[in-house]
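Residue numbers (the numbering used here), protein chains in the order written: chain A, 38 to 249; chain B, 38 to 249; chain C, 38 to 249; chain D, 38 to 249.
Hint data in this document are derived by calculation from the structure and do not stem from the laboratory.
All values derive from a computational prediction rather than experimental measurement.
To give an idea of the chain A side of the interface with chain B (calculated C-beta under 7 Å), a few residues: (1) G60; (2) I64; (3) T67; (4) L73; (5) L84; (6) F101; (7) G105; (8) G116.
Covered by chain B, according to a simulated footprint, are these stretches of chain D (three or more residues, beta-carbon under 8 Å): (9) 49-57; (10) 64-71; (11) 127-138; (12) 158-171.
We treat Cβ as the ideally placed atom computed from N, Cα and C, and that holds for glycine.
Protein chains: 4
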Amino acid sequence: MSADASRLPHELPLGRLEAFSDGVFAIAITLLVLELGVEEGAGAHLLHALLHEWPAYLAYFTSFLTIGVIWLQHSAITGALRTADGTLYRLNLLVLLLVGLLPFPTRLLSEFIGERDPERVAAVVYGLTLLALALALTAFVRYAAEHRRLVKDEVEADAVEAALLHSPSLVLYGIGILVSLLLPTVGVALYLASAVYRGLPARTVHRLLWRR
Amino acid sequence: MSADASRLPHELPLGRLEAFSDGVFAIAITLLVLELGVEEGAGAHLLHALLHEWPAYLAYFTSFLTIGVIWLQHSAITGALRTADGTLYRLNLLVLLLVGLLPFPTRLLSEFIGERDPERVAAVVYGLTLLALALALTAFVRYAAEHRRLVKDEVEADAVEAALLHSPSLVLYGIGILVSLLLPTVGVALYLASAVYRGLPARTVHRLLWRR
Amino acid sequence: MSADASRLPHELPLGRLEAFSDGVFAIAITLLVLELGVEEGAGAHLLHALLHEWPAYLAYFTSFLTIGVIWLQHSAITGALRTADGTLYRLNLLVLLLVGLLPFPTRLLSEFIGERDPERVAAVVYGLTLLALALALTAFVRYAAEHRRLVKDEVEADAVEAALLHSPSLVLYGIGILVSLLLPTVGVALYLASAVYRGLPARTVHRLLWRR
Amino acid sequence: MSADASRLPHELPLGRLEAFSDGVFAIAITLLVLELGVEEGAGAHLLHALLHEWPAYLAYFTSFLTIGVIWLQHSAITGALRTADGTLYRLNLLVLLLVGLLPFPTRLLSEFIGERDPERVAAVVYGLTLLALALALTAFVRYAAEHRRLVKDEVEADAVEAALLHSPSLVLYGIGILVSLLLPTVGVALYLASAVYRGLPARTVHRLLWRR
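I would like the entire structure built from these sequences, with the hints used as guidance.
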């Protein structure tokens with residue numbers, strides 16, 4: 038056993054997984070602003086030019102909220118963990134790969150909304166990225182929940198999986214993608230609604246929906 | 038109660054809120070430099086071209102100082118907290134949404150100062166962003182101050198709210214926006230003055246103003 | 038001795054080396070997305086234009102995985118350390134210099150794959166950067182392993198060096214570079230394979246190869 | 038006294054100053070890579086085009102090393118501190134303002150080396166930024182050294198100031214700027230030499246110079 042302990046530990050520090058993830062989340066969410074701007078020579082009618090860029094703001098807001106909410110869930114999950122291992126690190130890298138990729142479909146969306154055919158492609162690509170991200174996050178959570186030794190003693194493993202209930206709804210994204218094929222702007226509205234819904238505190242949502 | 042404790046905690050780690058915020062603040066403040074540059078073919082008269090870009094430096098400095106001061110206040114506030122919860126996370130995301138957005142109106146400002154009509158639009162948009170940021174920060178502080186369990190035992194809740202006195206003056210930004218409608222450069226000077234004023238230590242300000 | 042202790046410590050905090058490295062790794066891995074995009078006026082055939090950009094996705098994925106795996110190894114190594122010193126800081130800066138540089142050859146690769154001559158240059162430059170990075174990481178690990186006082190008491194120094202076995206294979210990169218001179222795309226495939234191989238958990242690799 | 042303790046603390050957390058600084062340093066050092074690239078249509082003679090970009094690599098390396106060394110000194114200094122206050126936060130913001138600015142003169146340098154007149158302007162602007170950065174770092178160190186309560190008990194205040202001996206030599210930068218007025222490339226070589234000199238461990242420098 039002491040021979041075991043002398044090897045590089047199988048357990049990897051949770052702190053660095055969190056720090057690195059915070060970095061990638063923070064950068065991806067802040068890079069989104071680079072997509073905002075007005076066309077050359079917009080000076081003459083700047084206000085008009087700014088209003089004309091509404092798809093870019095919509096895409097910015099949707100992606101910002103999506104990344105923000107996923108970061109929030111990521112924090113809640115790692116906050117319930119005690120330690121990490123190599124596989125969790127790798128699943129986390131997969132989540133970050135897709136978080137880091139999101140500015141690209143965001144750019145497509147903000148550039149092509151309003152142009153009939155490309156708008157459809159952009160909305161579907163955007164939805165596929167969200168779906169892949171939701172799948173990666175689900176794998177991350179499930180792996181943690183199934184490996185009791187990663188979870189803090191005082192947390193029940195079901196609680197970690199229960200977090201999935203609030204986590205990105207795979208079904209919703211599937212529907213969003215299908216809708217985007219026919220009505221791209223409605224599809225994007227669905228993605229946004231999903232982020233807003235998850236962005237609201239669970240109790241607030243509950244109160245709004247049931248205690249009317 | 039132990040059933041309660043077994044759920045994902047309602048309290049979320051303050052450390053990650055701070056780390057993620059530090060990331061977004063640091064990136065937004067550093068991205069500002071990407072707006073600096075000289076026009077193509079400026080080589081022949083580089084010194085002249087550099088001096089000609091003064092609005093860009095002014096905008097860089099104003100935004101840098103504004104973000105820096107808000108980060109300073111954010112640090113002081115979270116330093117008085119014991120823990121965080123989901124709502125504080127969400128209010129923090131709102132603050133970060135606007136911090137992350139600031140490079141965009143900064144770009145507008147640095148591009149259009151000196152061009153009569155667009156300058157006005159840019160200065161107003163810039164001021165509106167600052168106002169929204171101040172409102173978000175106020176909501177963040179007020180929520181913390183009103184939830185005693187988030188605050189460290191040794192800190193009085195009033196002290197957290199008192200921090201608002203030094204915090205971005207909503208009135209000042211309101212005035213800045215109105216002034217910008219008529220005299221855009223004066224409006225920008227007001228935004229800058231506000232950041233400089235808050236950037237100076239409170240005691241220094243006091244000494245400069247009263248102990249002359 | 039107390040005079041010694043009063044100087045700025047020879048030991049430098051490991052925490053900041055980790056935090057700064059996490060920052061550079063996170064930024065380099067996230068900046069890669071800025072290279073993705075479609076050409077001007079691609080709107081008419083967006084799907085086609087997107088598919089046409091496959092070299093950019095390949096380069097993105099290869100670089101993302103490479104940086105991710107190196108970060109993973111970096112974490113495992115610093116997790117076995119107790120403290121750092123000035124030389125380790127400097128060797129770490131060398132690693133980060135090359136990590137921060139990687140987006141540049143990535144951009145070359147994604148731009149020139151498919152163009153006969155430049156493709157060769159881009160693949161060789163990319164491989165040389167990977168080789169230099171592997172050498173820097175090896176120097177970093179070896180220095181730590183040879184300075185017992187930097188390593189945690191409970192970790193055997195051999196264990197730190199053993200980590201090199203899983204670390205970037207210098208030989209493989211050498212072969213990749215030579216192959217790139219003749220068959221650039223095969224060379225790139227080798228770089229990717231190396232990252233994928235190291236990206237899989239050691240046990241998974243073992244099972245796939247030997248327990249068939 | 039308890040009334041005092043109930044206010045927002047005059048002491049600000051050192052940890053966040055370090056985390057935010059690490060962020061800005063890491064981003065500034067990594068953004069430098071965005072300046073690297075080859076001109077449009079360079080494909081035909083990519084190797085030649087790459088070699089032709091040597092000023093960009095020189096500027097990248099000089100700025101990377103400069104930021105890296107300043108980060109190293111910053112780490113050593115904050116490692117000797119116990120806590121921070123508002124003024125130290127503000128002096129730190131000044132250091133970060135100039136660190137965040139450095140990519141701009143770096144860009145000027147990499148663009149204009151080799152073009153006679155602009156090269157001189159670029160080299161002087163670059164030197165002035167380094168000088169301002171060195172002055173800001175000096176103010177940061179001196180403030181810490183003069184406020185005993187910020188320094189760890191086990192560290193002598195002189196030790197903190199002694200760190201300045203290894204810190205950016207103001208005189209050297211002054212000379213570099215003057216030389217740049219006449220011989221810009223020699224001036225840049227001086228800036229680089231200064232970073233390399235400080236980048237080497239003090240003991241190595243000592244051995245190289247005296248124990249020959």
